[in-house]
Amino acid sequence: MKTLLKPAQLIPMLLLLVLAVIPPIAAGMDDNFWVAFFARVLVYGIAASALNIALGLGGLVSLGHALFLGIGMYSVSLPSYYGVTSGWLHLAMCVVACAVVGGITGLISLRTSGIAFIMITLAFAQMGYFVIVSLKQYGGDDGMSITGASSFVGLQLNTPVAVYYAAWVLLAALTYWVYRLRTSPFGMTLRAGRQNARRVMSVGLALRSYQLAAYVLSAVLCGMAGMLLANLNAYASPSSMSWTVSGELIVMVVLGGMGSVFGPVLGALTFLGVEEILKAFTEHWMAVFGLAILGVAMAGKTGLAGLLEKIQPDTTGATNALSKESAK
Amino acid sequence: MSATLLLAQVLNGLQYGVMLFLLAAGLTLVFGIMSFVNLAHGSLYMLGAYAAAVVGVQTGSFTLSVLAAVATGAAVGMALEWVAVSRLYRRDHLDHVLATFGLVLFFNEVVRMIWGSQPVFVSLPESLSGTVDIFGFTYPTYRFLIIAVGLLVAVGSQWLIHKTRVGMLIRAGSVNPQMVSALGVNIRLLNAMLFALGSALAALAGAMAGPILSVQSGMGEPVLITTLVVIVIGGIGSVHGALYAGIIVSLVDTLGRTFLPMLIREFASREVANAAGPALASMLIYLLMAVILALRPQGLFPAHKA
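Chain order of the listed sequences is A and B.
So for the first sequence, numbering that gives the first Met the number 0 puts the first residue at 0; every next one is plus one.
So for the second sequence, numbering that gives the first Met the number 0 puts the first residue at 0; every next one is plus one.
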């Protein structure tokens with residue numbers, strides 16, 4: 000089991016284990032803050048990992064993933080408003096809506112690339128935002144509170160701890176899946192396309208279809224994070240789908256390490272952690288935070304996952320490819 | 000619907016359109032020529048509005064306040080270009096997004112620190128706060144002024160880009176920057192000037208918008224995103240495209256918001272119309288963008304003929 004000893008794999012596992020025992024410890028200390036905080040880390044970790052499939056593996060700079068987070072949130076709050084609390088129905092609605100919206104916007108956005116792709120994904124997300132804001136009967140600008148949480152058979156997402164463990168399981172499964180996906184033919188095609196689209200297409204692979212599939216997958220998973228977020232906050236509001244949220248998700252992915260397996264989760268943890276620490280010092284933490292993000296962008300390094308790799312460089316092709324990819 | 004309502008809405012659309020053009024003109028050049036994604040353009044619009052508000056209160060002169068906004072925009076733009084942006088030109092678009100996203104958060108918070116989160120209201124001088132009467136149709140003088148300033152800038156930028164030496168260098172730099180630099184032109188200075196000019200125009204838009212909108216932290220982002228739609232529709236890097244697309248987008252938006260709910264009311268019940276009308280109207284410009292992209296991914300008025 001030599002592979003288990005590498006820091007790049009050991010640390011994610013350790014972190015997931017630590018995250019698994021946080022709710023009982025916090026309950027023992029009678030402190031609700033930590034459960035709520037780490038539940039947010041898990042949920043944003045899922046959203047960032049989802050974005051990473053499009054952004055990190057596929058190189059699709061989507062500045063509109065908050066749209067899917069929002070669709071996920073409103074696929075809990077809208078049925079709940081009409082008294083339907085079946086979690087399966089919420090999930091089905093979320094998956095179908097994200098897949099349809101992701102498919103349509105993806106088809107149009109992928110006709111362009113580079114700057115135009117960034118702007119178009121942003122514009123579509125903003126369109127969704129304004130639609131929600133203008134629907135006054137569903138709270139409009141103020142959002143709507145959720146009285147009935149999603150309930151699956153034997154599991155009701157009505158407490159922070161329930162959401163916490165649901166998010167933990169989803170995140171662990173997603174992490175393992177992305178780990179397998181990176182080195183699968185699908186993942187390799189995406190990553191190759193990120194480095195040189197023309198070559199991939201000249202080999203005869205329909206790269207656009209691969210990218211569209213990655214975009215839709217990423218949209219659906221992001222929607223699921225939105226479902227969990229809505230249950231966690233017992234609230235759905237347009238402000239959680241504003242364009243700054245899309246920006247924050249990108250920061251998490253880049254901070255953690257683009258295209259790496261666990262990087263986005265580390266990014267989410269660092270992002271939310273630094274936010275809490277700065278908030279403790281100053282009301283105007285966002286000014287410091289903004290400059291920090293500028294600094295990260297100017298430094299342009301491989302992210303936290305890249306640092307972990309450097310602690311003990313390994314020789315397998317798959318992980319080496321990561322450092323090269325991210326160094327680009 | 001009466002003819003005067005239609006005329007008023009068309010003029011409102013035109014006024015909004017030239018504002019969008021002021022923002023889009025600088026941004027489309029930065030996108031097209033330096034291939035740089037600048038999300039912080041809306042921050043310069045906001046800074047322009049605040050600079051004008053502060054100087055306007057201090058001096059009481061509208062002209063001075065607009066000049067101060069333009070100077071602030073140019074100075075901040077120049078400083079940004081020098082400190083951060085010029086180091087990022089050669090990097091990935093993702094780095095541009097990150098860096099300018101950080102700048103947006105920074106500027107919004109700095110403004111909140113200095114002026115608080117309450118909106119600042121800017122009053123107009125008496126000479127501009129009246130209305131103009133044309134054959135019984137009245138329209139605010141100030142909105143005519145905005146249209147005039149916007150059209151003046153449009154003519155000026157056309158002249159700059161197509162009739163002057165600097166414009167020639169800008170066009171050459173957009174095609175082959177290495178060659179221009181090899182011919183002995185200081186391309187870095189040229190880029191910095193261009194970035195500062197774009198920033199000054201954004202600040203001018205902010206100063207002009209101050210009296211009709213509320214001046215507050217974060218005011219730049221909604222208009223920035225509409226500006227991005229304008230740039231995508233007009234074609235990236237195309238200044239005349241920015242003007243036409245700005246007017247198309249604003250007319251569609253203004254007329255859509257006024258007449259779409261009325262139109263739906265003709266076919267459906269009042270309740271449905273009240274719910275669906277505003278939602279559909281707010282989607283219109285994005286739908287327009289989607290349709291145009293599906294048919295012409297390079298935009299309606301591309302800078303370079305393919």
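Derived by calculation from the structure, the hints in this document are not laboratory data.
Note that CB positions come from ideal geometry on N, CA and C, so glycine has one too.
Mixed in with the good hints there might be a few duds.
What the hints assert, rightly or not - Reference listing, derived: stretches of chain A covered by chain B, where coverage requires no fewer than 3 residues with Cβ under 8 Å from a Cβ of chain B:
no., segment
1, 83 to 96
2, 109 to 115
3, 132 to 144
4, 229 to 237
5, 286 to 296
As the list claims (entries may be wrong) - Among chain A residues calculated to face chain B with C-beta under 8 Å, some are:
no., residue
6, Leu62
7, Tyr209
8, Gly246
9, Ala279
10, Phe280
11, His283
Hint check:
1. 83 to 96: Not satisfied, violated; 0 residues make the cut.
2. 109 to 115: That given contact holds, which follows from 5 residues of the segment 109 to 115 of chain A lying within Cβ reach (below 8 Å) of chain B.
3. 132 to 144: Answer holds; 5 residues pass the 8 Å Cβ test.
4. 229 to 237: Violated, because only 0 residues of the segment 229 to 237 of chain A bring their Cβ atoms closer than 8 Å to Cβ atoms of chain B.
5. 286 to 296: It holds, with 10 qualifying residues against the three required.
6. Leu62: This hint holds: Leu62/A lies near chain B, its Cβ roughly 6 Å from the closest one there, short of 8 Å.
7. Tyr209: 19 Å, violated
8. Gly246: 4 Å, holds
9. Ala279: 16 Å, violated
10. Phe280: 14 Å, violated
11. His283: The hint holds - His283/A has a Cβ within 8 Å of chain B, the shortest such distance being about 5 Å.
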